[in-house]
Amino acid sequence: MENLLTIAILLPLASAFLAFLLPAKKPGAIRALALFATGVSLLLTLYIFSQFDRQNAGYQFVKSIEWLPSFGIHLKFGVDGISMVLLLLVGIVSFCGALVSHEIHDREKEYYILFLALTSGISGTFCAMDMFFFYFFYELAVIPMYLLIGMYGSLPAGKHGRTKEYATMKLTLYLTAGAVLALVGLLTMYYAGGRTFDMVQLRENLRGSGLNQKWVFAALLFGFGFLASLFPFHTWSPIGYAAAPTAASMMHAGVLKKLGTYGIIRLALPLLPEGARQWVDLLAILACFNILYAGLAALTQKDWKFVIGYSSVSHMGYIMLGIATLNVVGVTGAVLLMFAHGVMAALTFSLIGFFYHQTHNRNVPDLSGLARKIPFIGVCMVMAVMASSGLPGFANFASEVMVFIGAWSQGSTLFRIATICAVWGIVVTATYLLWAVRTSFFGPFDEKWNMLNDATTLKQKFPYALLLVVLLVVGFWPRTLIDIIKPSVAKQVLSQTVEPKTAMVETR
Amino acid sequence: MNLYATQLECLLVILGIGTLLTDAFRPGGNRRALGYTLATLVFITLLYSFTIHPVNETLFHKMYRLDAFALFFKRLFLLATAFVLLMGAEFAERFETGVAEFYALVLLAATGMLIIASVNDFILLFVALELVTITFYVLTSFLRRQTQSLEAGTKYLILGALSSGFTVYGIAYIFGTTGTTNFDKLAGILHAQAGTPVPPFILGMLLVLTGLGFKIASVPFQIWAPDVYQGAPTPVTAFLAVGSKAAGFALLLRVMLAGLLPVASVWMPVILVLSAATLVYGNLGAISQRNIKRLLGYSSIGHAGYMLMGLAAVNQLGAQAVMFYLAQYAFTNLCAFLVIVAVGRNEISEYAGLGKRSPILGAALFLAMASLAGVPPLSGFFGKFQLFAAVIQAAQTDSRFYVLALIGSGAVVVSLYYYFNVARAIYIEEATDITPLPISLPMRAALYVCMIAMLGLGIYQRPLVEAATLAAGVFGLR
Chain A
1 MENLLTIAIL LPLASAFLAF LLPAKKPGAI RALALFATGV SLLLTLYIFS
51 QFDRQNAGYQ FVKSIEWLPS FGIHLKFGVD GISMVLLLLV GIVSFCGALV
101 SHEIHDREKE YYILFLALTS GISGTFCAMD MFFFYFFYEL AVIPMYLLIG
151 MYGSLPAGKH GRTKEYATMK LTLYLTAGAV LALVGLLTMY YAGGRTFDMV
201 QLRENLRGSG LNQKWVFAAL LFGFGFLASL FPFHTWSPIG YAAAPTAASM
251 MHAGVLKKLG TYGIIRLALP LLPEGARQWV DLLAILACFN ILYAGLAALT
301 QKDWKFVIGY SSVSHMGYIM LGIATLNVVG VTGAVLLMFA HGVMAALTFS
351 LIGFFYHQTH NRNVPDLSGL ARKIPFIGVC MVMAVMASSG LPGFANFASE
401 VMVFIGAWSQ GSTLFRIATI CAVWGIVVTA TYLLWAVRTS FFGPFDEKWN
451 MLNDATTLKQ KFPYALLLVV LLVVGFWPRT LIDIIKPSVA KQVLSQTVEP
501 KTAMVETR
Chain B
1001 MNLYATQLEC LLVILGIGTL LTDAFRPGGN RRALGYTLAT LVFITLLYSF
1051 TIHPVNETLF HKMYRLDAFA LFFKRLFLLA TAFVLLMGAE FAERFETGVA
1101 EFYALVLLAA TGMLIIASVN DFILLFVALE LVTITFYVLT SFLRRQTQSL
1151 EAGTKYLILG ALSSGFTVYG IAYIFGTTGT TNFDKLAGIL HAQAGTPVPP
1201 FILGMLLVLT GLGFKIASVP FQIWAPDVYQ GAPTPVTAFL AVGSKAAGFA
1251 LLLRVMLAGL LPVASVWMPV ILVLSAATLV YGNLGAISQR NIKRLLGYSS
1301 IGHAGYMLMG LAAVNQLGAQ AVMFYLAQYA FTNLCAFLVI VAVGRNEISE
1351 YAGLGKRSPI LGAALFLAMA SLAGVPPLSG FFGKFQLFAA VIQAAQTDSR
1401 FYVLALIGSG AVVVSLYYYF NVARAIYIEE ATDITPLPIS LPMRAALYVC
1451 MIAMLGLGIY QRPLVEAATL AAGVFGLR
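Protein chains in written order, with the working numbering: chain A, 1 to 508; chain B, 1001 to 1478.
This is chain A alone, in the form it adopts within the complex:
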């Protein structure tokens, strides 16, 4: 069982090495390998999920290999409720990403190597129990994106004359800047906590170690905040997604970005509870900027991918607000929203990729009446937009409500105001998304889109349907995930952070 988890994480990376050895002239074999690796990883993850002990809030399926004794580094993987849910997200999105990658016809070998390395980097980060390997996989996940966007991306001219080269360099530099800032914080914790990289051990050792948590927490919060597109470090995000190829946007907006908030939840909150209390007010304010500023920015966008890009920055604000509440309901909501938004963002970007591959145009005003020609994609897009706007029945609704309840029950005036701002953010979201979907999918049909082909076969429909089904299942039955997230949040993340009073807030 322990080994299965390790296999699920490292199989894509191993396949990337294998693909390196395969001849570039056989793209079919390499694509089959990528589908096999991500598919088997997904199945293993589902199996692990089914075996997950829901009563146990601690880490399960822990596998530890001594790696570098002089530093106390172990290759140690394990999942608790939070990592389990996010690992599931990686499995789903990476498999769907590999499925929709059939649109790549140039240099497939390099493409799949990078894609597989990216996948392993993300799942490795979510499951690492050793801070060194957490950082190792974190950086491993950030870098392949440079070439994925640069080699396979596209950015229609017009946005201030920016090129995809600009977009991908900006993204890489921002994310690396955040990562090295976080590294300084992590190393400080390593020394203050008695030279161990083991997260569980470190948490014990840091308690009462006399470490000045304020600045270490700031290094972690803003370091990871870069990747989580925390305002004002978010500017790499919309243009990066706009320039990326479909599967890369899906992975980045859907999953990779969550590494940032995951880093805050997994390392900053539980290990530095003192520091957390000093910064949450600022975090809540910045989260409101994320929600409203990015939402208003999305209103003015014309390019579908920019609309969704800003929308994803805006949604990260809800997650950040949930984290800032420091109570079980809010943080659980944030984790669930990470999952829900991940699936929703992947779905939206894959749908945009589907029609952009044929139209080579994703400018909202240029598109009209597409639903007549590609009804399946149109329906999926409407559903995705509904989910994104937080309509009941979708996973996003349940999680956003939890964030609002958490923020409101936090009690301070600041958080009450923040909650009001966040609720208004939903209206903004609905405005730009409904405008975009109405303009491009409905309205008078433009004859020049007569050449579009819909997804007709089951094989074509599968990835979109899978993502949609996940959204609906979690939306109608959120307890499948909440029940395993909540105990872990209470025990692994917040047991030292919250005063007993707020910990008692119960939703059900």
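These are calculated hints, taken from the structure and not from any lab test. Incorrect hints may appear among the rest.
[Claimed, not checked] Simulated coverage check for chain A against chain B, where a stretch passes if three residues somewhere in it have a Cβ under 8 angstroms from a Cβ of chain B:
id	segment
1	400-411
2	441-455
[Stated by the list, open to error] Each computed DSBU-like pair below joins lysine-lysine, with the alpha-carbon atoms no more than 35 angstroms apart:
id	chain 1	residue 1	chain 2	residue 2
3	B	Lys1356	A	Lys26
4	A	Lys25	B	Lys1356
5	A	Lys109	B	Lys1356
6	B	Lys1356	A	Lys459
7	B	Lys1185	A	Lys170
8	A	Lys214	A	Lys25
9	A	Lys459	A	Lys26
Model, not experiment: these values are computed from the prediction. Backbone N, C-alpha and C fix where the C-beta goes; we use that ideal spot for every residue, glycine too.
Mind docking chain B on chain A? Use the hints.
Leaving out everything else, chain B in the frame of chain A:
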């Protein structure tokens, strides 16, 4: 015992003189084959060096040591020499004359480096340093009809001679104030005199630092690096970047951490400031470069800054991190220079589409750039990780090191920009020239060795970390 301790040096001298004799008796033989043979022989010497064990006493009137530290560096220099000879063989057609002399000079410089690894006395330090530096004066200007190469040679000569002068002057001051040139005795005397040493001694120390700073291309003695890197024949540039720089660091570590350790509180702030300045200069200077050798010249300044971070920390981890870094930096840089020799072009724009022209060269150069930038799972990542860890460890007692760590973090981000610009040329830009590039079999093998080493040391760091820990252990730091 003396012969046992110096057998590697003896072997290289025999090889060097043998090369000259071969050329004298059979002029105009196959130059390429000679280079491959020599590279193989040096590689065998490297393998042989693993049978040699450290000797626990000082030799040659306490001037020479063969401890774990010396052996670590000797192996590193042998490795670099083997690769440089291989590059020289690939490069041989581009030399008009004197290919055998080129190989012989490389071997003699390597001998000097091997001695440097064992230096335990300022007198031997100066002799060994000059053996290396004077050989490099000739090597850098080996393309005698190219003005750039001559310019490089002249610059290196003038600045090198100046810095050698500073070094001797400094040694004289140190001898004058303490009465010894031996590192062990010096440490004993300094330890006995508590408190700050007298100003002439500090002056002497700073002057010695000037000479060593020139070798590693640290600010403010870095001006020569970009010009010389650009003008020198590519194998020589590689040798400068890998061998000469490692030799400079071997001396710095030995002088600072063995001889001058008791006065660490005096020189540590100097190294700290130099490290920060070197990081900033090297990385900002590299941004606008269009020539890949010049870019690597600036980048080598930047990397000197990272490694000075480890020295400034004055702890066991710092010393071992510098040694780990040098070893992985050797593979990484050699990989980059092998590709430059194979492509035979120096402008970054001429690397456009390299990934399509030759997938292996493209992949090798990309991995080398990513490793220089410090991206996992490549070896450069773990090298930087250790250096940062050493600095943060030092910061636990002296918060100035946090500033150094933040400057280092900024440097990492900046360096990513210019290294990935090369990556952009390789993979993203369209090729202007699409003729396939043929690669010889030894070259291909060398590239694979470098790539496997970069990935291997990045993922499974343990063997090299343990070797570096053992080697750095000779200083007895905490």
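Right, here's what the structure says about each hint:
By the rule of at least three residues with a Cβ nearer than 8 angstroms to a Cβ of chain B, the coverage given for the segment 400-411 of chain A is violated, with 0 such residues. Counting residues of the segment 441-455 of chain A whose beta carbon lies closer than 8 angstroms to any beta carbon of chain B gives 0, which falls below the threshold of three, so the coverage claim is violated. In summary, the hint linking B:Lys1356 to A:Lys26 is supported, as the alpha carbons are separated by about 16 angstroms, within the 35 angstroms threshold. Restraint check for A:Lys25 and B:Lys1356: the C-alpha separation of about 13 angstroms stays at or below 35 angstroms, so the hint holds.
At roughly 12 angstroms between alpha-carbon atoms, A:Lys109 and B:Lys1356 fall within 35 angstroms of each other, so this suggested pair holds. Taken as a hint, the B:Lys1356 and A:Lys459 pair is honoured in the structure, with Cα atoms around 32 angstroms apart against an allowance of 35 angstroms. Proximity of B:Lys1185 to A:Lys170 is assessed by CA-CA distance (about 54 angstroms); at most 35 angstroms being required, the pair is judged violated. Distance check on the hinted pair: A:Lys214 and A:Lys25 sit about 54 angstroms apart at the alpha-carbon level, beyond 35 angstroms; violated.
With a C-alpha separation of about 22 angstroms, the suggested pairing of A:Lys459 with A:Lys26 holds against the 35 angstroms cut-off.
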